[in-house]
Each structure stands twice: as C-alpha cells, then as structure tokens.
Amino acid sequence: MKTGASTSQSQPANGVPVEDIEQKPKKIFRPNLINLLNRINFRDGFITVHFRHNKYNHVITIQARPQICNDDYLRCLWSDHFLGLPQLKQFNFIYFTFNDGLHQIQVVAKLIELDDHGVYLELPETSLEMKFREVKRYDCTGIAAQVFQDGKMTEANLTSFSAQSFGLSFLPDSEVHDIIFAESNPVNVVLRNGTDFIYSGTCEVVRQHASSNKNMLILKPARSNIQVFRPKEVRSERLVLNPLPNILFRHPLTRQRCNLSLLDISGTGFAVAEDEDHSVLMPGMIIPALEIEFIHGFSVRCKAQVVYRQSTEEHIKCGVAILDMNMADHVRLSYFLHQAKNRHSFISTTNVDLDALWDFFFETGFIYPDKYIHIREQKERFQNLYRKLYNETPEIARHVIYQDKGQIYGHVSMFRYYRNTWLMHHHAALKSTKHKAGLVVMEHILQYINECHTLPSAKMKYIACYFRPNNKFAERVFGGAVRALEDKQKCSQDDFAYFHFEPETETVPFSPGWTLERTCPEDLDIVRHWYRANSGGLMLECLDLGRNAEQQDQLTNSEYRTAGFQRSRELFSLKNDEELIALCIVNRSDLGMNMSDLTNCIQIIVLEPEQLDKNIVLTVLASLAGHYEHKDIPVLLSPRTFADAQKIPYAKIYALAVLNLEYISPFLMFMRSLTTPRDKKIQHVS
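Take 1 as the starting number for the sequence shown in the numbering used here and just add one per residue.
Incorrect hints may appear among the rest.
Straight-line distance between alpha carbons at most 25 Å, and here's what the computed DSS-like set of lysine-lysine pairs gives [as the list claims (entries may be wrong)]:
#1 Lys232 / Lys136
#2 Lys110 / Lys24
#3 Lys488 / Lys431
#4 Lys472 / Lys488
Keep in mind the hints are simulated off the structure, nothing from the lab.
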C-alpha cells in the first residue's frame, strides 16, 4: 500500500503539480478507455487506485494490475503487498488514474466489489484525459546517479526521464534523507548505465518531494547546448541528403527503441528532427551505440552525444556530435558524403583499377627513371603490396583518387606509421585545367582529416609529410603553412639530407671511446632537451621519440602485423666517452610502402656535430646495414647543415613538415588563401 500526499490546491493525489496540468481536459469515451486499459494489461503495467479516509480526509493510493477488459466492467488485482480489507473499511473509493508519460487519464468508476485480491469496477461512459507535461516522461530503472551540490555528494537512482527534465530518488535509509537541495544553487549530476557513462552536467532544481518512502528530486539541464570539441573556424559542410537517413538506437536511459529522421549530416555529426511531445534527446546525453541508416542494407555505427536542443515552428531540432566510430565505418560514411558533393573523388574505395593506377604514376612522372630502377628489381613485391593497400582498405592507410570516365587524374594517400601520426605522401596529378584534380584530392583528404581527427579510433594527432623544397606545390603548401602559422608547436619543419648507402665488404671498427648501443629512456630525455633548445618543433612527438618509444613501437608493430604488413623500428645511441652524440633509427617496413623508402631507411639525428665526422657516420651506417636485406639503403641525416659541413654527398633534401591537428583550422584557412585572389590572401592565420 502506498500513501500519497493529501489533496490540496498545490498538489493532487496523483502527485502531478497542478500547474503542469492542462486546464481543459479532453473526454475519453468508454470504448477508447477499454483499449487503453487492455494496452496496459498487454504491457503488464499498472493503474493507480485512489481512496480517501472517511474521517481525516487524507488520500492513499494502491497500484493494481488491470485484467483483460471487453465490456463495461473491469477487474484489477493488487500489485502491492495488501495489508488486508479491514484497513480499507475506513476509506472510500474515489477514482483510478493512469498515464502514458504525457497525458493522465482520470476514471471516476463505480465500485462494485472490493476484497483482499483486488477491486471490481463499472466503467463510466466518459473519463477525463489531461495533458500534464510538455514532453513525454518515461519510467527508468537501473540507472545510477551521483549528485553534487555545495560540496555534498550523494548517490541516487534515476526514476523518470524526459528531454527537458528527469527525476531522482533517494532511499529513506540513505545518508541524505534529511538533505534539502537549495533550489537557487546549481546541481551537478552524473548518470551511468552500468559501465557506460551517459550524462554529466549542471542542472537546476525544479522541485523536491519527501515522503516516508523516499525523497524525490526533479532536475532540468541548466543549458540547452554544450561544447564537446574545441570550436573550429573551418567546420565540416553539412549536407541535406535525399532520401533523408534515419538514426536508430536504444535509449541509454529509458531503454526504448528510437527511430528518428535526420535533417542534415556531416562527417562529424548531424541534426535530428523530433516531435515536441515525444522528444527523447537531452543536451549532454551520450548514446553509446547509434546506427545511421542511409538506405536499407547500408548503415554505419557510432558513439554520439547530444550537443544542443532548439525549438522551431515545425519540430524540435537536436544537434548530435559523433564521439567515436569504427574507422572502416567512418571511411564508408566519408565516401558516401563526399560522393554526394563530387562524384569523381573517391576515398579509400576498394575497387581501384591497379593497372590504371600504375599507368597514372608513370604518366605523371611520379615514378621517374631513377625511382623505377629501384622498384623494378622488386616489382612483384610492389604490386602485391599495392593490391593489399588499395583493395583491402586496411586500418593503417587511406587514399583519395580523382577518376573520370575510367581515367585517374589525381591521387594522394597517407598511412599511420607512428602511434598518432599519419604520413601524407604520393600526391600526384595529371595537368588538366578542366579537372584541377591535384587540388581536389588534396582538399578532399584534408576535409577527411578535419572530420575524423577528433575521433579516438582515428589515432590522428599529427599529420606529417616529407617533401622536397624544390617541389613548388609542396613547398607552397607545407613550407608555406609553417611560415603562416608562425608557431613551431602548431606546425614545424626539419630538414634532412637524403642519400643511399652501400656497405663495404669489411666493416671498419669504431675508434676507442666510441660506442653504438641500444637507446635507453634517459638518452631520449637528452634528445628531447637538445631538440627543444635547438628547434622547438614537433618532430620528436610526431616520430614517437619520447621515453615510451619502445612501448609505442610494440603497439604499432602489432597493428601492422594484424593488418598483414611489416613494421619494426630500433633505436641506437652513438656515444663518445658516454656522451650522447647522435640518435640512430633503423626503420623497416614493406618495401614500397613509401616509394622513396622513407619508412624503410636509417635516420640519424646529430646532437653534437662538432664531435662527429664523416668517417664515424659511415662506420655507424656500416654497423647498422646488417638490419636490411637489400644493399642499397636509404639514409636521412639531420641536420642537413651537418652533411654540408662534413661534405657528405647527398642526392636530395627532404623536409619533414608536421602539423598539430589541434590547429587544422588555421592550416585550412591558409590552404584556402592559396586559391583566392592575391588581394584577399590570408597572410598570417596563427
């Protein structure tokens, strides 16, 4: 038996505030009432039976389960532990009520029989339906809450939810039974569904109610919008698709199945239309598993968070941000959206014509004679590698191809060689004023990066690119970005001398005092301090050269093996009388992963150039050459000025540009400035 509040002007016996109830109730005729009662029976639901004390006038309520009804009479069985009929002899039956979360129906029935098992009633010709909420309320179970106010923390259970407010209950034996929440002060709330974190936000107290059974607290979010990610000057373009996609999910708080229509969508989020009365999206709420269905048979899944709720004349509009997504699904999403904008530009499609791709590389001069001589001896390995890269869409690689009428006009790709760094490379295009394919594929891959770099699954904190400063386009883009952003913690550049080393038959030993040994974390600390003093850029972070380099490499190597590729890296310290002179990196990967083998080479970073000479460098290279199967070993030597001073011959200069993706918006603004008229060009965007 449950005892409700006394009937008064402020709160009726059903517990719903008078101000929330419509002043003009709607009539419900008996046939419709019977249908509603049978629906409650079908769902094993309850009605609430109200009794008034015949002497003291207070009201009690008892929950009952309605039985099947097909005529004017209704039998209900008590659902609570019933204390006996004698106790009810002092009470008179008033009416019974039930609600659907939005409307409450009050039925003034005629009492026929009352016993220990239940009640038998005659239904009236008409009953009253009253709308007592703007938004439908749902009952909740199994959701734990933590509530914070003015230094106090209490635990509670979520009992009800709507898109505008929610109710919490505190058990009477809890430590907070006597705590009164200050309605003028904010309340911070955390909601969890098992191990899933669902909501955290600042709320306002709507009302609180205490009884002998429990304390109730009704809260509403203090804000109608939240900020999930840092604001971007350059945002992803929202598209209105036809037909409109739907989102499908099980509500994390009510466990109801939801199906809502999208208004627009991008690679970072979407807007949803809701009916105001039945809206279920609350700003700040996280949806752990959400499906975006474009057409039957094509959908992607993600983790999402509601970021705003706006009322319009037609509907409630809610914005939803994508928090994370399986990268295979995100590539499919990006492919679908970018095809809607440009049907010639494809990202990581699996149906690449590899013959057309090789023709393109030769026709553009990307594979020039010297490079082809290097490739030809391993031609089959190259072909097998590219078949895997372009037809199996591995997690570690992406590519964008511009293709029209079967011919490839532009290409760019990138792969994740370090823990959170993607290397962009192989950018090439056929000269065509019609297609401008080189610019299109570059813009496309940058848009993709802008959309996905905030997703944890992307593992994308830095974008890096080795480029030759004499390449006008690359220098204008990457070298220009370093100058435009004016901050080496946003975008930096380090130069390397590039040459090939062919070891002699006999290895010359090191002079006394010189050693080449495995790098330890303390050595990497020294490298970090040296680099900070001499450059201050992003190279060490980009190349995973922190104290945990070995652990990072093990994780990345494992991912490469899982994807069916090779990767390994070993670090060596060149020392003279225990002083660190240079850091040597042995990179090994599939031959052709980068066509210049910049990830299948020896890197040497010289810390103390005045103590090092050409002969010692050659001895180091000879000592490390045994790690490679091939005899022609690419070498990257930094700083380039050391190679010049020691007259070490090199074939090319490679600059390593690194962009911190927290600052991708200034970079994209700089990129836009390259294609605008000169008088509108953005000179500095830092």
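Earlier hints that do not hold, by number: 1 and 3
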